[in-house]
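**Q** For reference, the chains in residue letters:
Protein chains: 2
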Amino acid sequence: MLAKNEAKFINSLKLKKNRDQEGLFVAEGVKIVNDLLHSGMKVKTIYSSRNFQLSIFNYHIDVIRIKESELKRISSLNSPNEVLAVCEIPHYNLDHAILGKQLSLVLDTIQDPGNLGTIIRIADWFGIESIICSPETVEVYNPKVIQATMGSISRVKVHYTELPAFMEAQQKQTKRGEDFAVYGAALDGENLYETDLKAKGFVVIGNESRGISSDLLPFITHKICIPSFSLPLTGLQAGISSAESLNAAIATAVICSEFRRRLK
Amino acid sequence: MLAKNEAKFINSLKLKKNRDQEGLFVAEGVKIVNDLLHSGMKVKTIYSSRNFQLSIFNYHIDVIRIKESELKRISSLNSPNEVLAVCEIPHYNLDHAILGKQLSLVLDTIQDPGNLGTIIRIADWFGIESIICSPETVEVYNPKVIQATMGSISRVKVHYTELPAFMEAQQKQTKRGEDFAVYGAALDGENLYETDLKAKGFVVIGNESRGISSDLLPFITHKICIPSFSLPLTGLQAGISSAESLNAAIATAVICSEFRRRLK
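Note that the protein sequences, when read in sequence, are chains A and B.
The numbering used here puts the first residue of the first sequence at 1, with every later residue one more than the last.
The numbering used here puts the first residue of the second sequence at 1, with every later residue one more than the last.
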């Protein structure tokens, strides 16, 4: 049974201001909830329309059995998927020393929730531990982002901070003689496939329509682009540009793939 | 001014059965409509809430000036974007001889409209001319697909056909001694980065949850997978798989990028 004020509380978490105030977010679906249970994230309460089994490590978590109709009333999904969990928003420290030893993503105002979720899933696949987002990037605990991560939210650390200040601090931390590599995806960049890619550094992905913001550009040490193999246009089409860009998440995937391919 | 029965007709094209019957589809937004005007596609009528300029090559096309409120009534978008065009559905021939000389994508029941649109945009970027879809793949003239292509629909040929019969016919066409290369994205495939990739052939992308269907598997000559660099899990997470898959469009992008990188 789902108490009326409980349903109201869970629904209130659909708004960012309430998530911020309560320090809680909602995740749905068997796969994502199981991934969260096996991660360092703290799951507070689980609501399930079926018999949801907890492992021995999670016996302390409340599992509340509810009806499917009740799940529908608190779900953000068109087709609710058995289980909904209320989780604590984790707090990660930005550790410049650790970041200096890894490859990380920097998101400069990615606004589409599906793009952010997909980028987190890509980071997970390619073993990227941390994503640093501008404050204007869509909030990661937005239900649409959480669902698009397909569980990868439990394995990738997502930070929000002012990017120019972050870059300055990171640059200062870098020891003399060490590389401070910041790759920026830009249409006028060097051919990705021919650029010398380091195993450590930052890949900056700009906003879906405006690209990388001007206050971040001075920190870019290597502009890179994914070359287009678009067919030459003829006749009426000549002079008209063909494929103009790749989606931000698609570009992220191609770039991460190329960095990781070089590792071996 | 938008006549009432005109509005009704345009709205009827939101349904596949009406698109099929009329041989028409709807595209929206300045960028996409301009791309269509410069392609081989036939634009029938343009409805615009602003002063839409046609080039000298397109003076025969009707441009109907309508109010923003009228555009809203016929648009599929949350925020209508100035212009809506009614276009003829093109008919492409499946030419096995031409396909035998190119790299093409084969989509085995991609169901998400956003995924199909994004895959068409990826094909355009990487110079892939043809996409062959199973009949169960989401219809390309679905407004959500059209919008997700960002105009690439005007440059990539999308075919629908029974895939096993298509593969059989293509195989027969291939001359003795020539390669018939069919790459299938599969989790148990060979490392993409280490596979010998031909410049011509087919890349099969399977359904978002079920992968490549069993009746298509016999035609796959090379199973390939994008290796995961996901971090080794420890403690509570040990034994639990980490990132389980990449989204179908993301996998397509990484694979196309790797094929094209090898071209040079």
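To be clear, the hints were calculated from the coordinates, so they are not data collected in a lab.
Take these hints with a grain of salt, some might be off.
As the list makes no split between identical chains, a pair holds if one copy fits it or if it spans any two.
Stated by the list, open to error - Below are the DSS-like pairs computed for lysine-lysine, each with C-alpha atoms no more than 27 Å apart in a straight line:
#	residue 1	residue 2
1	K198	K157
2	K144	K14
3	K17	K200
4	K200	K4
5	K72	K144
6	K200	K157
Note that the structure is a prediction, hence the values are computed from the model and not measured.
**Q** Against each hint, give a clear statement of whether it holds in the structure.
**A** Each hint, compared with the structure:
1. Only within a single protomer do K198 and K157 lie at most 27 Å apart by alpha-carbon distance; the minimum there is 21 Å, versus 38 Å between protomers.
2. Taking identical chains as interchangeable, the C-alpha atoms of K144 and K14 lie at most 27 Å apart whether they share a chain (10 Å) or sit on different chains (25 Å).
3. Proximity of K17 and K200 under a CA criterion of 27 Å is satisfied in neither setting, with 35 Å inside one chain copy and 53 Å between copies.
4. Taking the shortest Cα distances, K200 and K4 never come within 27 Å of each other, neither inside one copy (50 Å) nor across copies (61 Å).
5. In the homo-oligomer, the alpha carbons of K72 and K144 lie at most 27 Å apart both inside one protomer (16 Å) and across protomers (25 Å), since each shortest distance falls under that limit.
6. When the C-alpha separation of K200 and K157 is checked against a cutoff of 27 Å, the pair qualifies only within one copy, where the shortest distance is 17 Å, while the shortest distance between copies is 40 Å.
In summary, the structure is inconsistent with hints 3 and 4 from the numbered list given earlier, while agreeing with the others.
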